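Participant: Listed below, chain by chain, are the residues.
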Amino acid sequence: MIKADSQPRSGAEGPRIGVYVCRCGGNISDVVDVDAVIAAVKGMAGVITAKIDTFMCSDPGQAMIAEDIRNQALDRIVVASCSPFLHELTFRTAVQRGGLNPYLYEHVNLREQDSWAHPHDPAGATAKAVRLIAAAIGKLRYAEPLERIRISNHRQALVIGGGIAGLKAAAELAGKGIPVLLLEQSEKLGGWVAKLGKTFPREIEGAALVKELVAEVEGNPLVRIFTRARLVAASGFIGNFDVRIALNSLPASGPNGDGTGSASTAGEKQISASVGAIIIATGFEPYAPAKGEYGFGEHAAVVTLPEFVRQMAHPAGELRWNGKPVRNVGFLHCVGSRQIEGVHPPQSDGKVNDYCSRTCCTAILQQALAVKQRFPRVNVFDFHQDIRTYGRGHEDYYTRSSAAGIVFLRFHGDELPVVEAGRNGGPLTVRVKDWLTFGEEVDVPLDLLVLGTGMVPHPIRDLIDLLKLPVGADRFLQEVHPKLRPVEVAVNGVLLAGTAQAPMNIEETLSAASAAASKAAILLTREMVELDPFVAEVNAAECIGCERCFPECAYTGALIAEPGEFNGAPVQKARVNPGLCVGCGACVAVCPTRAIDLKGWTLEQFDAMVDGLVATVPGHELSAEEAN
Amino acid sequence: MPGKLTAAHRQALKLFRERHGNVPEAVKLYAKEFRQRRKRITEALQEAPATVPELAAKTSIPADQVLWHIAGMRKYGEVREAAADGDYMKYELVKKSE
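Chains A and B supply the protein sequences, listed in that same order. Its first residue numbered 40, the first sequence is counted upward by one per residue in the working numbering. Its first residue numbered 2, the second sequence is counted upward by one per residue in the working numbering.
Quick caveat, the hints were computed from the structure, so don't treat them as lab data. As the structure is a computational prediction, the values presented were derived from the model and not from experiment. We put the CB at the ideal spot given by N, CA and C, even for glycine. Every clue listed holds true.
With the Cβ distance kept under 10 Å, some of the chain B side facing chain A (calculated, not the full set): (1) Phe17; (2) Arg20; (3) His21; (4) Gly22; (5) Glu26; (6) Val28.
Now the in silico label distances, taken between C-beta atoms and shown as ranges: (7) Thr476(A) with Tyr89(B): 37 to 45 Å; (8) Gly624(A) with Lys15(B): 21 to 29 Å; (9) Gly624(A) with Gln12(B): 19 to 27 Å.
Work out the full structure, taking the sequences as your base and the hints as a guide.
Facilitator: Right, here's the structure in full:
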């Protein structure tokens, strides 16, 4: 409900507002008549000064604002320029340099939301600019100085997963002097890389890579390593997570456990810890083909790439499988990857794996080449849709494979090769429509078929639920922004390292792990965590204890019930935990007494913005056409 | 649809008007035109599902404005896509009972 007692917050003489309009080198001023805008704005209540600059974001532009604040005692600033994503922070800082609280600043977007949107309607764009600035002035009139929220920080990190990503992240954090709890679900550190054999592109043994990192974490007293451990409880927020770890917990099934938490509890004990950041490095699982998929499980001569790699690790004078010599071996790309709905049967969750696993092309060619080099008389066939050897030095494997006489056959994604029992007593025949020979049907007799199985995320349902991690359509964990915030998730303080996020090769995994460690280090080297001040706030005097806000809050712990009193009766009143509140405003909308407000975005400020948008400004009237 | 206004609502609205003044004429005009256009589009769709260009021709409202209204109506479940018509989608009204 509307209250009668609120007043614009300003000094006795009213606010002293400075408005700065940017031409953006013509991006804005070619459409918007900035002189007319300034003329209109100068007449608005509280506006002391209004100026134009060609590039307000330039050093002289910023200096002008800071100077005006000091010389003209301005106490509110509007800059009308580009998108706030670009320069809001720039101008908040400029305002601060002028001696003003940075939150007594409003940013108006005259470029993306005006001049670029209405290039053919200069008069309409100019009128819109005037109203957008009027709205900002209205909002500022009710603005309060705000302080960033500062919360003390548990300067310790939790790294979940002891594969190469987790090892790298732990090693880097400890190297920067930050204590780390490193959790590994299985008995041993190292993960999949330890089992890979030689790794592309430098042919370094995976086990050697892992050994180096394990030595580093084991040698650093800041890293506490827990194997056969898993996270069983987590609460809190960035800088302040409370976690509980189960030790001696036996994985329920599978070589590395299935992560579903249905683990045996015999001999299990639990420890509690407080951490400031959590790095998820839970990795991947090789895709497990279904029975009958390309003959897998039906023909003994159909194997997966990891199985083949293990076989190749044994020194032998000739290539043998199941005791029989192999004369013809085939490699099939994209097994469990780049699947097409309607062509491939769906996975257990009803979806197909439509993503590219990225590492299999090079890994297959690496193995194919190794076969050819060790056993020159073996014929090697490569069945692919595309060759995606995209990394530095990876294409070399393809060039060398071609030169070594490996036979390439290319199929289309919707006309898959068919694997059958071999005729004439041979183990297998692969029938494929080969588009390198313009659609010729070829029957390839094979003694062994290696399925180039891709990656699926290691199952971490429990962790996803515990930490409320966002999951993408491909079931991998999802970052906030693929380019601009690549290792962060929507949950503040939780970071991604490696193949829990997407298929990656070892180099990419290590880059991601380093990035996550750096992000965590930036957070954990500070004594305090700083958060934006835009959170909800409850005026306890206005709260009637109706409890309507609680079910609306989607952020556990952000809204706390506290015993209070209304009209002499005991009620549960709401209080906000600013560390957990994200400022979504859902609670504000249901409060019947306007007792909750978002700092920096109060309901009064919204009212004032609407007033500014619909106000009549002579020469800049609202018309139905351009108001849309 | 919103329920009946209570005395508390009326009091709040009175207070709101005192604080913010009456609705400016331009805004009233804009709202009127908005309602008229929405009504014309709805009436045209009552006859038969139609594409945006067809609605524009039928109602003499510029096509970009028709699209803007259709987008709004779709967002609030008042219309939905019917069959495709060449490069365009036909839109149909969603009956209140659905």
